[in-house]
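Required output: the full structure, derived from the provided sequences and hints.
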Amino acid sequence: MVFSYYPGCTLKNQAKDLDIYARKSAQALGIEIKEIDEWQCCGGVYTSSPDDIAPRLSSIRILAKAKENGGKLVTICSACHNVIKRVNDDMKNNADINLRANNFMQLEERYNGETAVLHYLEMLRDEVGFDNIKKAVKNPINKKIGAYYGCLLLRPNGVMAFDNPENPTIIEEFIKAIGGTPVVYPFRNECCGAYASLKNKPLADKKSSAVLSSAKGHGAEMVITACPLCYYNLKRSGEDLPVIYFTELLAKALGVDGDE
Amino acid sequence: MNNDMQLKSLIEMSATDVRKCMKCGKCSGRCPAFKEMDIKPHQFVTLLGQGKVEKLLASKAIWNCLSCLACVERCPRGVAPANVIEAVRTTVARMQGGDGITAEEIPAEVNEMIPQQLLVSAFRKYKK
Ligand code: SF4
Ligand code: SF4
Ligand code: SF4
Ligand code: SF4
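Chains A and B are the protein sequences, given in the same order. Under the numbering used here, the first residue of the first sequence is numbered 1, with each subsequent residue one higher. Under the numbering used here, the first residue of the second sequence is numbered 1, with each subsequent residue one higher.
Because the hints were derived from the structure by calculation, they are not lab data.
Dumping the calculated DSS-like pairs for lysine-lysine here, alpha-carbon to alpha-carbon at most 30 angstroms:
hint, chain 1, residue 1, chain 2, residue 2
1, A, Lys201, B, Lys55
2, A, Lys16, A, Lys199
3, A, Lys16, B, Lys127
4, A, Lys206, B, Lys40
5, A, Lys92, B, Lys127
6, B, Lys35, A, Lys235
7, A, Lys65, A, Lys92
8, A, Lys199, B, Lys52
9, B, Lys40, A, Lys199
10, B, Lys26, A, Lys206
11, A, Lys206, B, Lys55
12, B, Lys127, A, Lys201
13, A, Lys12, A, Lys235
14, A, Lys206, B, Lys35
15, B, Lys60, A, Lys201
16, A, Lys201, B, Lys35
17, B, Lys26, A, Lys216
18, A, Lys201, B, Lys40
19, A, Lys216, B, Lys35
20, B, Lys26, A, Lys199
21, B, Lys127, A, Lys199
22, B, Lys35, A, Lys199
23, A, Lys92, B, Lys8
24, A, Lys199, B, Lys55
25, A, Lys235, B, Lys60
26, B, Lys26, A, Lys201
27, B, Lys127, A, Lys206
28, B, Lys23, A, Lys206
29, A, Lys92, B, Lys20
30, A, Lys34, A, Lys134
31, A, Lys12, B, Lys127
32, B, Lys127, A, Lys235
33, A, Lys206, B, Lys60
34, B, Lys60, A, Lys199
Given below as structure tokens:
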């Protein structure tokens with residue numbers, strides 16, 4: 001299986017672990033994820049305003065490149081996934097945005113939303129299969145683990161179609177596949193405070209510590225996430241519960257987390 | 001821009017039909033930033049429907065909305081309050097001196113811990 005892969009800027013810097021362990025795990029599972037060349041940051045936030053074309057262009061470039069290379073694009077960062085998937089939906093379903101973006105970009109071939117955008121977790125579930133992951137596990141993670149979904153993977157559900165936005169199960173299924181026990185807690189799809197941690201720290205801290213104390217209160221020994229911003233906000237909220245990238249735990253379970 | 005043009009622009013940028021709102025308040029009930037908002041999510045929808053441009057543009061809540069889209073997911077009428085808030089925020093940020101954040105506000109710890117994602121998205125959200 002070969003997929004185009006878009007790591008995004010944070011996975012090249014502060015969230016290197018999220019990227020490195022994703023690559024190692026993919027290799028161990030017999031999947032090739034090929035980084036797209038010459039990509040630019042997706043911008044981190046989707047613009048809901050249809051008159052804002054420029055912020056959509058870097059995503060369209062990424063999508064068009066993936067279209068040339070097999071048509072399946074894998075993302076990991078929740079924010080990248082949200083932005084790119086929603087821009088793809090615009091290119092498919094919003095004729096005005098499609099026209100203006102294509103006219104501006106002058107690609108060899110017009111881009112009309114042909115690429116399938118998959119989050120790494122969706123790739124694991126739909127392309128590899130959690131059963132096959134279970135078979136590949138060498139070191140089961142024998143822990144009670146809380147899945148933290150946050151917002152961007154789930155909403156807006158009409159476009160993201162990731163899972164049931166009010167009662168998601170994909171990360172819990174993932175946790176089971178790597179030998180852990182999922183802990184379902186009420187705040188798993190509540191916002192961590194997002195970018196407010198730059199402008200209104202007390203607000204972000206309140207939101208993040210509510211998430212972690214909810215997880216802890218339900219017996220979680222750690223929380224896993226796919227989002228570098230969630231990771232940062234949760235870590236600095238002052239609660240003492242380990243926060244780990246889901247790819248790191250996957251690599252550990254597959255026995256490929258060493259420096260080989 | 002005069003009031004009518006501003007209103008037309010806000011309606012276009014919101015890209016959601018505020019006339020469908022039945023004022024149930026579910027969006028505000030689900031909002032994680034509710035307490036920090038001078039104008040609540042459902043009120044943004046109502047005010048846009050009433051054409052109260054000045055009041056919308058003077059809101060401080062635009063800087064506290066987290067774009068978590070919980071309001072959008074909960075609305076039983078398919079309205080997107082977050083889009084109205086974003087339209088207002090973008091409009092204000094585009095005005096001269098309207099930026100919600102400046103480079104000076106970035107703390108010194110920036111190199112150590114803060115993910116790019118946070119800087120990029122905060123600047124995209126609060127500044128033009
Ligand atoms: S969403 Fe964030 S991590 Fe992903 S590329 Fe954009 S800024 Fe970087
Ligand atoms: S930072 Fe908040 S808004 Fe962003 S993905 Fe994480 S939980 Fe969602
Ligand atoms: S998107 Fe903004 S208004 Fe809507 S629920 Fe989230 S914080 Fe509240
Ligand atoms: S949830 Fe929807 S219908 Fe109810 S007040 Fe909010 S916008 Fe209006």
